[in-house]
Structure formats: structure tokens, C-alpha cells
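Quick mapping for you: the protein sequence lines, in order, are chains E and D. Okay, so the first sequence: first residue is 1 according to the working numbering, each after it adds one. Okay, so the second sequence: first residue is 1001 according to the working numbering, each after it adds one.
It is possible that some hints are incorrect.
Derived DSS-like pairs: lysine-lysine, alpha-carbon spacing no greater than 25 Å straight-line [to be verified]:
id, chain 1, residue 1, chain 2, residue 2
1, E, K260, D, K1204
2, D, K1009, E, K260
3, E, K19, E, K5
In case anyone wonders, no lab produced these hints; they're calculated from the structure.
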Amino acid sequence: MRYVKLTEEKLYDFLEKLKEYGKLYAPVKISDKFYDRKEIENVEDIAFEYVRTIMPAKKFFVPPKEKMFDIDIENGEYKENVENVEPFVLFGMHACEIVALRILDAIYMDEFADIYYASRRKAGIIIGLSCLPDEHCFCNLRRTDFVDIGFDLFLHELPDGYLIRVGSPKGHKIVDENPSLFTQVTQKDIDAFREFEEKRQKMFRCYGSFDNIRYLLELTMNDEFWDEEADKCLGCGNCTMTCPTCRCYDVQDIPSIDGKEAIRIRFWDSCQFRSHGLVAGGHNFRPTKKDRFLNRYVCKNSYFYPLGTSYCVGCGNCTYFCPAGIDFLGNLLKVRSVGEAEVKNG
Amino acid sequence: MDNVYALYKCRVLRTYELTDDVRLFLFRFENPEIAESWTFVPGQFVQLSIAGMGEVPISICSSPMRRGFFELCIKKAGRVTSKIFELKPGDIVGVRGPYGNGFPVDKFEGNDLLLIAAGIGMAPLRSVFTYALDNRWKFGNITVINSARFGKKLLFKKELEAMRDVAEAENIRIIQTVTRDPDWPGWVGRAQEHIRHANTKPEKSYVCVCGPPQIYTDVFNKLIEHGYDPRKIYVTLERRMKCGVGKCGHCIAGSSTFLKYICIDGPVFGYYDIISTPGLI
Ligand SMILES: Cc1cc2nc3c(=O)[nH]c(=O)nc-3n(C[C@H](O)[C@H](O)[C@H](O)COP(=O)(O)OP(=O)(O)OC[C@H]3O[C@@H](n4cnc5c(N)ncnc54)[C@H](O)[C@@H]3O)c2cc1C
Ligand code: SF4
Ligand code: SF4
Ligand code: FES
């Protein structure tokens, strides 16, 4: 891998430069508690310390609502609505978010490639940023705490700047076209990088292996504590909306008033909604709240073959944004070792 | 890049009442190139689109040997399917697909074939059956068990009835059975009760089962009791579907150790998949 260093003094020049490669989006603080990824006018607005944003980065690739076709009902013609997406830069993507994008990539582009997703993905430049976990993060257990591919540049915080990993031809291009922004990595930088990683590894809530969780989950599905947890759930769907890898959508045709035309739209849906499993004749594949509650645990913890991870990247968003205070990781830890949920070592 | 959600125009050529609420539709592709190249495997389905109403997943019920044409057998079940029932010969619809894995018909070759259908489940199995008839020399004995509650609800009743005499000469047995119809002159009882009347040799048969999932466990037990090989038993499953291509997440089913997309990993699943996956049926 190619490494370069960005010194603290050049940081804002670098961010300014990124705007030349596309519209720049980065996390900004929008209230006491919350951050969101917004278009950046002034690079000094960017928040580097953020842990999570209110909307995951999927919104840039799978918008909450989009028009797929304009339909001419009378002639049965469908005109596709694929936008020509201008290049854009997502700055400050954490490792788990990048893995989440790769999961979406595999879903949307490996087989039956989705042109709407692909056209946005092609236009997106991904700039990673190292982070420190809060109590809801468990990317270490999901093995998504460090990412090897899926970014153009990845910035690792140093006391006096950033160690940058160059991850793609686009990344190389940015480095090559701006030699004055970067310097060589020194032994001191490598030591600082190692120190950061060591410090970070000691900050997680929990350690150990999580690979067996899907089996333990399957074996404990009938435990009573799931009834109690499901009882607390409001069925609001916040957990799936804020999940970086949840991407269920619904499709609908909306006719014009004269009935001559229609649009076919798709929009985010959630397995936590009753209608998600409803089919003709009123049969529902997930009739009870508990069915729907457990469905998310089942789905997120199952194995995602193309990447060898699970569908969940351990970002903790679902817990952080749950109005009922349901602790996703906490519940999984109960499954892993009933009675000693808070296993901390190291 | 092609748009996977784009639709091919198809013209309705014929509609035919199978029962009071199930109708058979014959379609032809408008574009001659598509008509020539489009093919499928029995057990696969299409997304049928009615402009301004939406799309529904429907199994193809004809044989893939007939290029350019295909048949769908549709039950009036709700919004979109009611609109489909208004279609007349000459009307245009949108179709995309075929989707799903389909039955492994290549593996079936050289074996006997037992097809067990309940209700609308006859639709995908009629595709397997007509495919087997079109390639009669590739298969051994064949039995079709077609079941419904009432005689008037049996799908393809006349078609199957009409070929009964020829069928025996061709080592094909057709058993049409009903559960709740005292006036029905033929077989009575549930489909699985007639497995013993099949002309197929258990040790060298492939079995396809399609019907409401509630009957599957019972059918499995009967099949195994009669010596059929669990490795050669297949069923089809149904879920709500919006995309048909593994994107919308609606058809995801199974457990945390065996999560499947019914639209791309299925809708056909093997016996062992079913019994090791809570939530699949
Ligand atoms: C793989 C597969 C094969 C099928 N093959 C056949 C067939 O050969 N013949 C037949 O008559 N029916 C078949 N069905 C069922 C058929 O798709 C539904 O009856 C149909 O979608 C009902 O739509 P509706 O708009 O009339 O009903 P509504 O209840 O008004 O449904 C509204 C929407 O919900 C979704 N939906 C509702 N029920 C189902 C369902 N059972 N499966 C999937 N999506 C659903 C559809 O998107 C539908 O447009 C099949 C379903 C699947 C999944
Ligand atoms: S966010 Fe919490 S309350 Fe809302 S559906 Fe998810 S688990 Fe239930
Ligand atoms: S399930 Fe929860 S922790 Fe896992 S990726 Fe989704 S939001 Fe993050
Ligand atoms: S129908 Fe959309 S994922 Fe299967």
C-alpha cells in the first residue's frame, strides 16, 4: 500500500482541494448531540470528532425516495429516470461505514446490477477517517474496525497531522496531482500510528469472538428474555433507517390525476413495519411484533458470503437512535454468554 | 449498463378461465429478438407489470420449449391481480425476468418424476410437467398429483383429464383429488394420501412439491415413509416480493445461520434446506 503524510497545517488546504474533485460532503455538528453529513461550504465547519451521523452514508447511494420510471399508462411505456450524477466526495467515512458500503455494493452490483445505485457509486469519492469508539461500537467484534479496500484515501489521525493510506487509482491521482500537500511518512509517524491503534483497541466495550453469534442466536430464539425485549419495542423502524446496511425498499406506482401517466417510485421500508411481510389475502409472514423484532436480529447476524462478514458492521447506530433504549449489542452479549454480559479484558 | 427493472412489452394473445378466480393468460413478446432469445427453467417466475398499478411475481406455467410465448396462471388475489383480470387479447403488459433458480430439471433426467400440487401450486408444476412431456424420452415414469378442495377449483383439470388415456400408455399417471367435494366422481383425499398410488419408483425418483407451506411437513413425512430419497425432494416457497432480483429485502427468510432471498436463492429449495432452517416454511 502507498502511504503519505498530510501535516496539520495543510489539512484545510487539502479539504479545500477535495472540492475540485466533486461536491464535498462531511459530518458537521447540527445540535448538542447530533451530527449529520452535509454539503460543505466552509471546510472549518467539518467535525472530526464525530462518532455517528443521524443518517448513514447509504442516503447518498440509496436515497430515501427515488423515481425509477415515468410511465405512459395508455401506451404501456416506461421511461427510466437515471440521473447523470455529478462527482461528489464523502469525507470522514469511518471503517465500519466503508465496509457497510461494500456490503451494499455487493447487494446492488454483483448480480443483477442496479443502475440507479451504480451511477451514484461511480460518482462517489470515499475519504476514510480513523475514529475512536463509544460504548455502542462493536466493530472490533464484527472485524470491521479496520478496512482494507473500498476507499480512495484513508486518513489516520496523528498528533501532528494524518497518515494517509492510498486505496484506489482515484486516490493515487489526488496524491499525484497535489504533491505540495503531502510529505513522506517518517518513523515517528509510524510509531504514532501504532500508538493510536493500540489506544483504540483498548477502548471497546467488549472483546472476544463473535463468529458463533449466529448459532447461539438461533439456539436461544425461544428464550423468555426476547419476549421482554420485543415488548419494549415501539416498531418505529428507527433502527433500520439508521442502519448503514439495512436497505429494504418498497415500490409503488403513483398515477396522475387524469390517469394517463404515473411514476414508479421506490422508498425505504422497514422489516419492523407490519406491512413488510403482508401478502395478498391478508396472510403475514411476520404477524407479531416479536417476529419482526427477532427478524432484525436474525438478518443482521447472518453471514454475508460475498464479504465473509455479517450483515451488521457493529456501528451501534440502532442502539443509539432507539427511542425505547433497546441495546442491540447488550442483547447479543446476553446471547453469547448469559449472565456475564460485560466481559471486558485488555 | 442495462436497467434490470426495465420491462419487455408483451401482448396478451388469449385468456382462459381455469376456475372462478384463476385465469390462464398466453403472452407473446413484442420484440422479435427477445421472443427468440428469451427462455427460462421450470419453477422460475416473472415480474408482471401493469402500468400505473405495479408489479407482481408470477410463476411461469408453460414449457420453455415453446419460444416467444409463455403462459401465466393467475389467481385474483388483490389490487394488481384484479387489474390483470381486466386484460383482453391484444392488450399490452410489461414483463421482466425470468427470475429465481427454478427446478434442477437437468438433474431430473433419467429418473422418475413425482409432481405433487395443491391449489395454485399446480402453476409452476405444470411448467415442469409440460417440459417433461416435451422431452418425454429423458424421463422415466411420471405421476402428477393435482389436489384442491373442490373439483371446480382444480387447476388445469380438463387439460389433465383429456390426456389420461394417452398418459397410461406413456407411463404417465394423473391423479386429481379433492378433499371436500362429495359430488366429485374421482379420487378423494389430500395429495399426500395418494403418494402410494404413484407409478414412480421411490428409489429413483425426483419429487417436486408445490402448495401451501403448511402441507409440506406432512408431505415430507409421507414421502420418506414410502422410501423417497430426501435429497431428491424439492419445494417452492412464496414471500412478498418487490424487486425479484435480491435488492428490496422483502423476500428474505430463514434463520441467522441460513438466510435466504426467496427471489434469487429460491423459490425452489431442497428438503434439507427446509428442515434445517426455522422460519422457511
Ligand atoms: C415466486 C412467486 C410466484 C408466484 N406465482 C404465482 C402464480 O403463478 N399465480 C398466482 O396467481 N400467484 C402467484 N404468486 C402470488 C402473487 O404474486 C400474489 O398473489 C400477488 O402479488 C398479489 O398481488 P395483488 O396486488 O393482487 O394483491 P395485494 O394484496 O393488493 O398486494 C399488493 C402488493 O403486495 C405484494 N404481494 C401481495 N401478495 C404477494 C404474494 N403472495 N407474493 C408476493 N408479493 C405479494 C405485491 O407486490 C402486490 O402488488 C406468486 C408469488 C411468488 C412470490
Ligand atoms: S428503533 Fe428501537 S423501538 Fe424502534 S423499531 Fe427499532 S428496536 Fe423497536
Ligand atoms: S444492526 Fe445496528 S450495529 Fe449493526 S450495522 Fe446496523 S445499525 Fe449498526
Ligand atoms: S424480492 Fe426483492 S429481495 Fe427478493
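Verification of the supplied hints:
For a cut-off of 25 Å, the pair hint linking K260(E) to K1204(D) is broken: about 56 Å separates their Cα positions. A distance of roughly 18 Å separates the Cα atoms of K1009(D) and K260(E); the hinted pair therefore holds under the 25 Å criterion. For the hint linking K19(E) to K5(E), the alpha-carbon distance of about 20 Å falls within 25 Å, and the restraint holds.
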